[in-house]
Structures are given as structure tokens and as C-alpha cells.
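Visitor: The listed protein sequences correspond, in order, to chains S and A. Position 405 of the first sequence, counting from 1, maps to 405 under our numbering, and the rest follow consecutively. Position 509 of the second sequence, counting from 1, maps to 509 under our numbering, and the rest follow consecutively.
Because the hints were derived from the structure by calculation, they are not lab data. Note that the structure is a prediction, hence the values are computed from the model and not measured. Please note that the accuracy of each hint is not assured.
Since the list can't tell identical chains apart, any single copy or any two copies may satisfy a pair.
[Said to hold, decoys possible] In silico DSSO-like pairs for lysine-lysine, Cα to Cα no more than 30 Å straight-line:
#, residue 1, residue 2
1, K553, K451
2, K524, K67
3, K95, K578
4, K324, K306
5, K524, K277
6, K174, K578
7, K95, K553
8, K95, K630
9, K380, K619
10, K578, K280
11, K60, K5
12, K553, K601
13, K277, K553
14, K553, K280
15, K601, K619
16, K248, K277
17, K405, K99
18, K248, K524
19, K601, K578
20, K50, K380
21, K531, K95
22, K95, K619
23, K524, K553
24, K659, K45
Number of protein chains: 2
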Amino acid sequence: MSKQKGRLTVPTDIDMIGETVRIIDYWGGDAIRDCDGTVMPDELKSLDVKKYATYYTTRKDNDWARKNPDEIQQVYIMSQFESASSDELRISIMKYIYKDLLQPNTNDDMSKWWEVIDRTTGEIVAFEDWSYDEATQEVVIRNAIPFHAYTVSFLAYIIWDPVHMYNAITNDWKDEEHQMTYDVRQPKTQAYVIDKFKRYLKENPEIDVIRFTTFFHQFTLIFDEQARESFVEWFGYNASVSPYILEKFEAWAGYPFRPEFIINKGTYNSQFVIPTKEFKDFMEFQQIEVSKLMKVFVDATHEAGKEAMMFLGDHWIGTEPYGKYFKEVGLDAVVGSVGNGSTLRIISDIPGVKYTEGRLLPYFFPDTFHEGGDPLHEAKVNWVTARRAILRKPVDRIGYGGYLKLALEFPEFIDYVKEVADEFRELYDKVNQVQPYCVPFKVYVLNSYGKLRSWGAHMVHHAIPYEDNYGYEGYLEALSGLPVDIEFISFDELLERQDVLDTPGVILNVGDAYTSFSGGEYWKNEAIVTKIRQYIYQGNGFIGIGDPSAYQKEGHYFQLYDVLGVDKEVGFTLSHDKYNWDEHEHFITKGLPETLNFGNKVQFAYADRDTTVIKTTGKSVNLAVHNYGKGRAVYMSGLPFNFENTRLLYRSLFYAAGKEDQIEEWYADNYNVEVNMYPSTSSYCVVNNTYEKQEATVFTTNGQTHKVELEPTEIKWFTV
Amino acid sequence: MSKQKGRLTVPTDIDMIGETVRIIDYWGGDAIRDCDGTVMPDELKSLDVKKYATYYTTRKDNDWARKNPDEIQQVYIMSQFESASSDELRISIMKYIYKDLLQPNTNDDMSKWWEVIDRTTGEIVAFEDWSYDEATQEVVIRNAIPFHAYTVSFLAYIIWDPVHMYNAITNDWKDEEHQMTYDVRQPKTQAYVIDKFKRYLKENPEIDVIRFTTFFHQFTLIFDEQARESFVEWFGYNASVSPYILEKFEAWAGYPFRPEFIINKGTYNSQFVIPTKEFKDFMEFQQIEVSKLMKVFVDATHEAGKEAMMFLGDHWIGTEPYGKYFKEVGLDAVVGSVGNGSTLRIISDIPGVKYTEGRLLPYFFPDTFHEGGDPLHEAKVNWVTARRAILRKPVDRIGYGGYLKLALEFPEFIDYVKEVADEFRELYDKVNQVQPYCVPFKVYVLNSYGKLRSWGAHMVHHAIPYEDNYGYEGYLEALSGLPVDIEFISFDELLERQDVLDTPGVILNVGDAYTSFSGGEYWKNEAIVTKIRQYIYQGNGFIGIGDPSAYQKEGHYFQLYDVLGVDKEVGFTLSHDKYNWDEHEHFITKGLPETLNFGNKVQFAYADRDTTVIKTTGKSVNLAVHNYGKGRAVYMSGLPFNFENTRLLYRSLFYAAGKEDQIEEWYADNYNVEVNMYPSTSSYCVVNNTYEKQEATVFTTNGQTHKVELEPTEIKWFTV
Ligand SMILES: [Mg+2]
Ligand SMILES: [Mg+2]
Ligand SMILES: [Mg+2]
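Please take these sequences and the hints and turn them into a complete structure.
Guide: Laid out in C-alpha cells, this is it:
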């Protein structure tokens, strides 16, 4: 039996009754849950643990879906780009799309809801000049201009729920009926689903927690004709549409809808794209409507004496936990998948819920739990990175999901989860509701989304790094476990709010040029440039990673070239000689290895004369610092996540804030070791983030130090 | 004594009389010359060789310059960018400029010829709001907007000729009076210089060739306060200005002049910047005026019974040998510095002169000819690369420059030059005036400059590669020695000429995004996109290197994504899955090493489904091919010059042209070995481009082959 009990949810299944009981006891679980593909056995409903029921508002009722085909969920999709070679062009709109996933919506007025665009000019092709051939699923464009490229934006019914499809394929479910999704926003379905939900509540008195999976609209997830993922945007709104909803949007917004608001040149408003006014409006409208309808379900849950928990994923679009309307819903809890520290913070930082739960990885699915698989390794990496974030802002519970049966085949994994559960409970007791020590300045993360994408910025897919992006994700992962007070701010806020930079601090701006995260066209706005220059000049800090403030204008690429003391050679100033290439020792790299990993982008950044260059690769600056008035800037060409870089960022923050004399408080000289201090309990812990033994000198306060030796992944607690 | 004599110019000096005679005999020289810093001794003026006199139209008469300070040459310069922190900003305009090089022109109306720009908005600051403090050399801006950045564009007198300064510093000339440059375009100076020149012609009957160094306007060359080069643009027009000239330009162009036409955001219209309409107008105007005045000098030279030779460099701006007006000047010859194959072709391809001469490297200056220096190595690299180009289109003569005395300290170098001279004469006899075999299709090099920058495209500095650009120069260097018929074409020609793509062929488009060479905003023009798509579609080829057709628009970065079958991930489509990463064997890499050098730019290029990927680095395509209609495209992420890449380009050209079955004609299976065939003399040569022995199977014609063994750098000649 576990030394403690509680704060842990265990997945169960119909044929796992005894095993569930044993695991609850061994791990110290206090809740059980069913999952997609599993069923909670009646025998366990009397067990003295909380029972979560996964509740699908939008699927698992194909009968209803079949009878109401007009209220099946829809998604906006764009065809491939096709170039004309004569004046007739036929575009096969379902090319490269999995046929069992989507079905073009030809029921509604195509002249309004579909859009054919000449992508060589950007002009809309008049409806008179095209038609849809249902037999071949082709749009036929007449009067095409030879060698112009065209696309078709169209609505399609989601005839197989993408998550159900993903689960079915991953688990090789045979003969599984494809679950269709219906649109709870539409009147017939809404009435039906609410009624059905109320009946469910009555009929399932033994259930304690309704685990909504989820509220109404799936994030954008498309599969190609080979059933491979072809597009994924975890924050994507494409599948939250229907003519019914869009007409309401038009009425609310006061201007006509265009499919291009959602399609946006085929980018589908990926979060890397600077959101347009119309897309921001649409997100706002959806949040208002979704939260209103969520409240109906949550209120019913409460009336039935149960708790309402939302799964942060799947059909979660429009719920926006960091948006303006989420708090009003009255949810009790949010549960989400924890891939690392930043995905833990996405969950644990959510305001306005009573508790949060992190579903740790790996999920008990055969993609990991198969012969030769190494779930133990995955669990260890997951736990050590998540733990850094827990020590800053814990989730209130942890849990697992999937097939318990599969996990039981890996006894070492089962033992490790017991260790994790015990350690989590111990940490939680110590850090819950306790305000940890933070560095004596604020950290602002500046991008186009601000709060709305708190901790989720740069995330292409849930905690999965992409080769062309991994150098931009590291700073957030590093921050998720650092003792810093973070505020995510948007460029719009910089323009609209007077008080936005009212605290001494350091601004971070990170990402590829012209993307939403670095900011692109926002940097041509003089109000933004001057506001930030002034803030730094007066004695604050700026850290730019990648293409900070990039926007080619008036002879510079980085519009904060004067703050950064660095600009990027993009080809226009090759004839200007650059001499500042010598590397220097510096405060920010003290104690770090000679070679650091700045990612795989060669930025061809070069430094001004009065900039201190710290690291270069050939004729490209990787790391440099520069003074600006009383303030300071740090430039990094990239910052993949590792513990050296985490330390580099931490030291850079102090340097940029002009507070480097204060870094040696609750600090260890070994970058693999971190210190978290909790003033109200006069305690601190020293954490080994690695799988090797570590030694460190720990700096507590007022210059006092002591040595610590730590076993692999060990945490040692001390009292002041 | 040399086995042949002629076609070789030897530098001499006042104290080198006997040595010059000996070297002329040893190398087989037929001409002697003086250089900057050397003097032709009277004793040699009776020697039976051609005498070249270097003639400076714009300097070496400080007396005149001092007496006519208003007609000293001028240059447009921009100050550093300075950001205001209050409403007064003082900009030190000469900051980081070598004080003895330039002197601000305060004689002319500053309100017209100077310009203060708010670079945060791009707006001109009214003259009322600034003034110049001559004592401190500062522009004082009143009513500055805090945290806006400002620049000052101003005219400065060139009080030390930049080439003279470079030579003085490189040679450590002590107590050398700084030579000032005067503006031969201005009336007083013009009359004086022409008169003086005519007197010179009369007084120097023994001189055969006037070697003009050069005509009037220095390319842009600025040194910083430490006397280091700070800006160099070998094609730059900044130093071709004066109020006198600019007022004439205004009258000619019909619109008012602005300093920004020349300054262009501080880029100084580097050739990497897409030329503006105003800058194109200015270049045109200067060519008209410069060529008119050149003709005066050339006519006088001819009247005196001498030849007129122009040095391609130094004060050569506005002469534009590939422009519309050059031929009318009537020059006899052009001589230029040969750094490699493409710089040889810049000279040898010049139309409208009787002969050309290549001044081989190294120049006999102490930067190379010093203890521990290796001039022999430099000479070998120079000769082998130049030789490739000579076999395609030879210069008519070669020569050397600098201090003969220095070269004589290196006997091995002296011996090697003899070998070079002999080999050059042998090659020249065989290839002069003989049309070599060319591949059966045309090669179009498409950029913003077309013919005007024939062979000089991408050249930051004369034959000196830059780290951030070397992957884009290789294709031209490769082409300089390949059996191809090249036409340099501009985007403007594509728009204006109906016949521009009238021949079957392959278009090359190469360079960084948004630069003049890849084309930037030209690619948003549907006329360009459709014209090229159509040309390829009908059965022609396209080779893109780096960022071909790059311009972010309507969802694509490469506007010819459909032709290339490749686009670049710049951050907006990270959420789109990409699966085409497997490398394939292919015709274009046959016979090449497994690992090729694509330069140091990670382009994050990705391939369409129907594209054949050939080489990748991680998730970035380096090399791929794609069909488009009956045509084909090849994408390369970069192509530094080496013999593998030269072969890769050659094979790619045949593949793109759809003529891969014809490549094995006058071809060797070893990429270090090239074959040049001369149909009219029924001869061909097999060339070893390396310093090692090589073996190759040579494909002649009709499938016939034979084996060849070659000593290091050997050329073997055969008759068909
Ligand atoms: Mg500075
Ligand atoms: Mg280095
Ligand atoms: Mg294709």
C-alpha cells in the first residue's frame, strides 16, 4: 500500500475489476475513470473512491447524428492549390483528405459558404464562374486565367470524430463504428443533448464527477487519404463552424462573414499567424456563445450534486480558459494532458476553477505499451520536467488514462507510478497554496496572443517539438519551472492599456520573423516601438530570441536593433563590413559549458560595436548583450530546452533586469540543480533534474551557502 | 626565354630597369605598365614593347583640387541611426567615418541636398526642425519624438581618394600626401582635365596605351575611424554625385531629386537591393553622361595615335560595360582584375571593345608578398579557376600589377607565372575567335539587373566570398567555365519584352528572399508568375537556388511553389504535416559523392508529394526535382562553388531541359575533369581542374569514349 493516499485518478475498464482495486490500493488512488474505448464496470461503482464519468457532449450517439445529418459538426477546409493551364480548371476538393473523415456540405448555399479564390491575385472568383460536380467532387472553374492558381474553401461535415478516428487507428480497433459528431450549438441537437444529459445525470447517481470531453468543438485535426495526420492545430477554430453559427456571428459582428476569415490563405489561422481582426472577433464571439452553453451543462451537473470537470483538449475550442468568459462558467475542475512543464502550467495556472488535474504521460495506449516499448523512460522524462513546474504552481491532482490492462504488462512502470504518486503527494503538501519565492522583477512574454495562449505559445502540437521550431519553445519550458512572476501580454494590450508595463521587469519576444509570436507587422507601429524602447531605456530589460521585433523597415530587420545592439543580415547589408565577432566571457554564461545549443537556425545575426558578443557560430551571433539607456538587452539566436539553457535564461533575466547582484539567493551553482523557496513555510527544496548524482553549492540568503549531494532525480527539503 | 612571346603585361618601376628587361624576356612579355605608387622609368620607354601609362582622370593633382575645393568629388553618406530619448537629438554625422577620407559639404544648400529622416515613420524631418553644428559636426534635431530613430543623409567631399588610401594603408606608405579626387563632370575641372590630358598625350609620344584608371566616379568605398573598410559596393553609385550633377539629373528625369534615391535606407542601393525606379533612372542618366565624356577622352587618345584602355574598377561607376551606351564610347580595350572564373567573364564578355586583358592575382603588394606569405598558392588557385573561363571565352591578354621588386623575392612564383603565361598563350591560340560547343539549350539567369550585372551578380566584393552569401555565388562561378549559352535577363525585361523567353532553355533564379537577385516584390506580379509558369509548363526548365521566387503571398513563400514542388517553412505552416523526406537516387547526382556541400543556410524547405527529394539535412530539403507540365524544376538550398557542385549544376541543367540523354557529349565521367570542344577546329581539350592526378572516361560524340590520364592541372588536346 502506498504511504499516502489521494490526489490520483486511475483508469479502469470492464474486465479490470480486481486489477483496478489492487492498483488503487498500490498507488494510493482516490478516483477512477473510464476512457474512450473503456467502460467503468458496474462492480466498481460502489467502491469508496470518486468516480469520474467521461461524458461526450458531441458524439457517441450515431443514431441521432444519422437522423439529423444537417446538424453534424462541420469544418472549414481548403482544397490544394491548383494552377490552371487553360481556361477550365477542375479542382478535386477532397484530394489528400481521408474520405471517411469529411464529407463536403452541399446542403447549404454554396455561393455563400464556399469560396473559390484566385490565389495569384487574391481575388474571389464569382459564383457564376464555378460550379461543383458532386459526382467527381470537383469544383469546375470556367474563365480561369491560365497559370493562375486557385483554391476552394468549403464546409465539410465531420463524419468521423477525429479523436475517435485517431484512437481507433492507434489502437487498431476493428469493426468499430465511426462515431459522428453533432453540433450542440444548433437548436435541435442542443435540446436533445441537454435533455439526454439531464437524464444521464439522474440515471447515474453513483458518478461523482462529470468529466466533459469536451464542450462542443474539436480543435482542428485533419487526416490525409492514408489516414496520416495532415493538419493539426490544438488551438484551431476551423471545426467550430456551421452556417447556423456563422449567421449568428454576422449578426453579432455587424459585417458579412467570409470563409477566408477561417481559411486565411490555407494557414487555418494557425497560432503562428498573426490573428486578423475578423479572426479575433470570431474567437471572441465563440467564447461568448460556448461559455453560455457550457454553463447550462455545468449548472445541470451541479443541480445533480456532481462536480463538473472539463478535459483540456479534444472538443475544447472556444472554451479558452485564459479568456474573458471562462470563469463565469463555474466549472469545478480542469484536467489536461501533461507533456512537460509548460503543458503542466497550461493546466495549473488556469484561473477560476476549484482544482486542476494533470493526466501524466504516457497514455496507456499500444503506441507506447507494446513489446519493446519503453513506457518507463517516457514516464521518467515526463515526471522530471512536469515536477519542475509543479514546484512553482502545482496541479491539485494527477492521473493516468488509457487501458490499465496494457500498463500492467510493465511492472517496472507500475512501480514507478507508485513513486511518482507518492512524490507528487509529498510535494503537493509542501507547495500547495504556498506562494513561492519569485525573483525581484517581472517577466513579460510579449506576442500577438498574450494571456490567451499562456504557456501554449509556440506549441505546434501538444508537447511535441518540431525541428524547425524547437529553438523557440525552450524559453517557455525553462520558465515553467523558474521562480519568476510571468505575465503574458499581447501587442494589442500594449496599444490599448496604459498600465501594461507598469512594473520593473524584462520583456521576452521570441519566434520567427513575421509570425504571431515575434509580432511581424506590429513592429511597424511606432507606438509599440517607442513604448518598448522607453521602458527599456528607463532601466528595464529585453530578451529577444530568434527574430525578435523582426519587420523589414527603413533599413533594419529587427526594429529594436537599437535596444538589442544586434540585427540580422537578410541580404541587404552584405556590403556593410561587420567586425564585432570576438566572443567574451560574461556574467550570463558563468558556470555553463563552453558549447551551448542554440538550435538549428543560422540567423546571420551581427552585433553593433558597443554590443558584447558572447557566443558565435561562424559569422553569426548566437548570444550577445547590449546596454540601452539604463536598461539592457540580451539576444539569443535560439534556445532549445535543456538545463544549461534554462540556467542561461535565468542568468540573462537577472542581467537584463540589472539585478545580477541578487541572483545568488535560493540558487545552486550547478545548472542541473534548482532551488525552490517557500517563504510562508520557511522551507526550500533542492532539486536534481537529472538521472545522475549531482553535487551543488546552494546559495540560500544573505550570502549563506551549503553543499548538497543529491541522488538521481532526488529532491531534498530544508528549513531556513 | 619563354617558348612564345606576347599577350602579357609586366609591371615595372623606376628602380627595376634591369629586372623588368629580364622578366619580360623570361615571361615572354610584350607590354609594360606603371601602377599606383610606381613609375615607368625613362630608360624603358625605348624598349620594344608596348608601353601602358596608367592615367588618372580624377586624381594625382592635389594642386588643382586644393584650388577648386567646390569641385572635389562628393559622396552621399548616411549617419548612424540614432534614437531620441528626449525632444532634442544630436547626431554626430561623421561617427565611425575616417576623418581624413570625407568632409561634410556645407557649401551647398543643406535644405536641398541633405535630408534628416525619422526612420521610425519614414518621414522627412522639416529643415526648420534641424540645423548643423559645424564645430561639433552634429545635426541637432529639435522637436524630435522620443524613441524615434533618426538618420542624416549628407553630401561629403572625398578628400582622400579611397583607392589611394587603401593602397597607402596596404603598402604602409609613409608621409604620402593624400590624393584628393576632383569631379571631371563639373565644368571648370572638366576643361582643365581635358586640356591637361591633351598636353599629356603630346608630351608622351612613347606611350602606346592610355590605361584609364578610370573614368570619373569611384565605386562606393568607405573606411571607418580605424581605417578599416566599412562599406564597399563595387557597383555603387554613391560617389558619383554632386549638386551640379543632380540638378542636371532633375532636369533630365523631370522630377525633384531626393537624397533618399541614393541612400535608400542606408543600403546605398547595394546591388542586393531591388533597384527603385529613381535609382534605375539615375543609373541611366549617369551612363548617358559618363559615356559622352569618356568619348571625349577616348577620341583625344585616338587622335594622338594611341589606344584607349579602361580599367574595370576604381572610378568606373557609370561606365557600365554591359549597358546601352558603352559601345558608343569607342574604347579599344578593357583591363580588369581576375579573381576567378566569373570575374574573368565579366571582362572577357564585354561587348564593343577590340580586346580585353585580365590582370591576374595576386597583386604584387605586401599583403601577399611578405615573409611567410604564399603568393604561389594564390596564383595557382587563381589560374585554375580563371582557366576554366578562358576556355569558354578568353581575355585577349593577361598581366600583373604592383611592385615587381616584391614578386622577385619569390622565385617559385616567378617560375609559375612563366608557366601560366605559356599556357595562356597556348590556350589562346586554340580557343580565340573559335565558337566552342554549347549545350543544346539556353540558360537564362533571371534577376532584377539582367545584363547590367552580367557575371557580377551576388558579388559583394570583387571575388571575395562572404559567409552569408557564398552558397549563392557558386552557380555563376560554375557557369563561367561550362559549355552553356547564357543570357542574363531582368524582371523588367520579362514584363516589357515579348521575345525574352523565345528559346528552349532553363531559367535560373538564385538568392536570398526579397533581394534583387531572387526578385522579391516582382514575384507578386501575376504577369511574371504566369509567364514563367507557362514557359516551364510547355517543356522548359527552372532551377531555383536558395529562395527562388520568394515573396510571402496568399499562403506561399515561393511563388513558384507549384513549379518547384518545394516551398519553405517560414513559420506559418508548421501545423501542416510534411512527409516527403526520403532521399532518392537520381540522374542529377550520378557520379557525385554521397555528401555534397549546399552551403550554410538551413532553408527549412519541404517538398510536395509528387516531388522527388534527393538530398536533405534533417527536416530541410537541400536538393529536389519536380515535374511541371512538360517541364521540370530543380531546387537547391544553396550551391557553393566546387567541382562536385559544378557537375551537379551541369547535370541539373540537362535534366531541367529534359535533355538528359544528351549529356554524354564532350563530357568526362570524373567531375574534376571537364571537356571543351571547338567544332570549327575539330579539336577538344580535357582539363584537370585539380592539383592531383586524375583519370577519366571521356565521352566524345555518338557514344564514343576513351580513357584519359591527366597530371595535376594538366590539359590534354585531341583532334576529332
Ligand atoms: Mg548601442
Ligand atoms: Mg563559437
Ligand atoms: Mg506538383
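Visitor: How do K248 and K524 come out at 30 Å by Cα distance, when the copy is not named: within, between, both, or neither?
Guide: The answer is neither: 34 Å in one copy and 36 Å across copies each exceed 30 Å.
Visitor: Check K531 against K95 for me: Cα-Cα at most 30 Å, and say if that holds within a copy, between copies, both or neither.
Guide: between (48 Å within a copy, 27 Å between copies)
Visitor: Regarding K405 and K99, is the shortest C-alpha distance of 30 Å or less found within a copy, between copies, in both, or in neither?
Guide: So K405 and K99 fail the 30 Å test inside a copy (33 Å) and across (81 Å) alike.
Visitor: Within a copy, between copies, both or neither: which one fits K553 and K601 at a CA-CA cutoff of 30 Å?
Guide: Both: 22 Å inside a copy, 23 Å across copies.
Visitor: Taking 30 Å as the upper bound on the Cα-Cα distance, should K174 and K578 be classified as within, between, both, or neither?
Guide: Between copies only: 28 Å across chains, 64 Å inside a chain, cut-off 30 Å.
Visitor: From the Cα coordinates, with 30 Å as the cut-off, is the pair K659 and K45 best called within, between, both, or neither?
Guide: neither (57 Å within a copy, 75 Å between copies)
Visitor: At most 30 Å between CA atoms: does that hold for K324 and K306 within a copy, between copies, both, or neither?
Guide: within (25 Å within a copy, 86 Å between copies)
Visitor: Is it within, between, both, or neither for K601 and K578, if the alpha carbons may be no more than 30 Å apart?
Guide: both (20 Å within a copy, 19 Å between copies)
Visitor: One pair to classify: K578 and K280, alpha carbons no more than 30 Å apart. Within, between, both, or neither?
Guide: Result: close only across copies, 28 Å inter versus 42 Å intra.
Visitor: Indicate which option fits the pair K524, K67 if close means a Cα-Cα distance not exceeding 30 Å: within, between, both or neither.
Guide: Answer is neither: 53 Å inside a copy and 49 Å across each miss the 30 Å cutoff.
Visitor: How would you classify K95 and K553 at a CA-CA limit of 30 Å: within, between, both, or neither?
Guide: between (40 Å within a copy, 23 Å between copies)
Visitor: Tell me, please, which holds for K601 and K619 at an alpha-carbon limit of 30 Å: within, between, both or neither?
Guide: The answer is both: 13 Å in one copy and 12 Å across copies each meet 30 Å.
Checked against the numbered hints given earlier, the structure breaks hints 2, 11, 17, 18 and 24 and satisfies all the rest.
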